[in-house]
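Listed in order, the protein sequences are those of chains A and B. Going by our numbering, the first residue of the first sequence is number 1, and it counts up by one from there. Going by our numbering, the first residue of the second sequence is number 1001, and it counts up by one from there.
There is no bait here: all hints are sound.
Which chain B residues face chain A? A few, computed with CB under 7 Å, are given here:
| # | residue |
| --- | --- |
| 1 | 1147 |
| 2 | 1149 |
| 3 | 1161 |
| 4 | 1164 |
| 5 | 1169 |
The set of hints was computed from the structure by calculation and includes no laboratory data. For each residue, glycine too, the CB sits at the ideal point set by N, CA and C.
2 protein chains.
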Amino acid sequence: MVQNTEKYTVITGASSGIGYETVKAFAERGSSLILVARRKDRLETLRQEILALHPMLDIMVKAADLAVPQNVLQLYESIKSYPLRTWVNNAGFVNYGSVGNQDLEKISRMLHLNVEALTVFSSLFVRDFKDTEGTQLINISSCGGYTIVSNAVTYCAAKFYVSAFTEGLAWELKTANAKMQAKVLAPAATKTEFGKIANDVTEYDYDRLFGTYHTSTQMAAFLLELYDSDKTVGFVDRETFSFHLYEPQVQYAGSSRHNQKM
Amino acid sequence: MVQNTEKYTVITGASSGIGYETVKAFAERGSSLILVARRKDRLETLRQEILALHPMLDIMVKAADLAVPQNVLQLYESIKSYPLRTWVNNAGFVNYGSVGNQDLEKISRMLHLNVEALTVFSSLFVRDFKDTEGTQLINISSCGGYTIVSNAVTYCAAKFYVSAFTEGLAWELKTANAKMQAKVLAPAATKTEFGKIANDVTEYDYDRLFGTYHTSTQMAAFLLELYDSDKTVGFVDRETFSFHLYEPQVQYAGSSRHNQKM
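The following block holds chain A by itself, in its conformation from the complex:
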C-alpha cells in the first residue's frame, strides 16, 4: 500500500529505537513525516538521511519533551492543520526496580509521557481526524501491557493502561462507524536505548541480559504488518518471540444492561 506523499505520519520518540526505524519504514512507503522527540540534532540528521533517499517527501522536525504536559498541547496545535493520516505514539521509557525503591521523580515523568501524553495526543487526533478516510492511530504498548513482568510493575501497569485505552478506543470507533482505526503494538524485548534508560546505565548488553530479542528494524516491520491488517492488536509472544495479529484481547462490556443509561 503506497501512501500519498501529501499525507503525513506523526511519530513520537522518533530519534531512536522502534520510532527511528518506523520513520524509515513509512518514508519507504512514500509518506511525508512529522518527527517528534526531545533531541533536535538527531531528528535533523534523520531528516537529512530520509531526504537524500526520498527528496519528494516533506519531513518536519518537532523537538519537544512530551513528559511536560503543556508541551503536548502546544505541539498538537502546531501540526493539527496538516493533512495527518497516521499517528504513532511510540515515545516512552521503562523503569526497572521494586515499587518501594523506585525513583518517584522518574516514575512521574514516565506516567506523564507513557500515559498522559499518549492519552492527550490520541484524544485530539480522534477528535479532529476520526471521520477522515484511511486514518490510523497506533499506540505502542508492550507484552508487559498484557502480562505483569517482575521488577517492572509500575511500567507494566502503565502499559496495561495503554492496551486497555487503545483497545477500548478501537471498540468505540468501530461502534460509532468512524473511519479511523485504533491499534496497539505490543513488543517484547527489543534492542534499543530502552535498556540503558531503564537501568540508568551507559552500557547495556542485550545478549547477556535477555538472550532473545528483536531488533528495532524487525519491530518496525511488525508495526507495518499491523498497519496493513484489519486487526487491532499486534503482539509479540514473550516466551516464543513470534508475532501475531489479534482482535482486541481485553474484556469489553459494550452492551451490558448494567452500563450507565444515557
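Starting from the known structure of chain A, arrange chain B on it as the hints suggest.
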C-alpha cells in the same frame, strides 16, 4: 479483629461515598484515623461524629487536592512519622464520554489523581512500612479495571492501571517475604457523588440510570471482608452484583526466563 487505637488508618477521598463509610467502619474497629480529602469542613464534621462515638481514637484531618502532584509528597511527609497500619487509596473520580469528546483538563486531573497520586502514596507507604507486621495497602479500582465499559474508556484504562499495579505489587511483596499485604477492591456501580461528578450534573438518579447498585455502606463492608481475608482481590461482578474474594487475576511472568536478568 480489633485494631490497636495507637495505629492509624489513612483513607483518601474520606469526605464522601465509599471513603466516608470506610472511615466509619475502621473507627468501629478501634483504629485511629487520618482523613484526607479536599473539603476540610466535611472532614471536620466527620471527625466530630466519630469522636462523639469513639472518644479514645485520634482522628486527624488533612485537607489536600491530590490531583496536584506536589501536594501528594507534602502530605506524605506530614504523616509518615505516625505508626501507620493501613492505607486506603480511595480518592478518584470517573469521567463519562467518548475519547474524542472528552475534556482534556478533566482527564489530566483524573490521571494525576487516580493514577499518579495512588502510585506515589503506594510507593512511599511500601518503602517505609513494608516490613511492619500487619500493614495493608488497599487500592480502590473498579470492575471497569478488569472489563472495559463503553463511554468510560479512559477511566477504565486508569483502573486497569490500578488493578495491574496493585496485583503486581502484591506479587512483589509476597516474593520478597515482606510483611505488608497489597490488595485491590473492585466495586461496580455504587451510589455516591461519583455519578454527579462523572456527568458534570448536580442531580443524578442511580435508580433510573443504573437500576442495580450497592450503597457505600455495603461497599465499606466488602472492603473489610477483603481486609480480613488473605486474598488479593475483592471483586463485585458487574452482571450479578455479587461480591467475591480472589487470588490475583492478571497474568504474571514472575519467573520467566525471558525477564531481564539482573
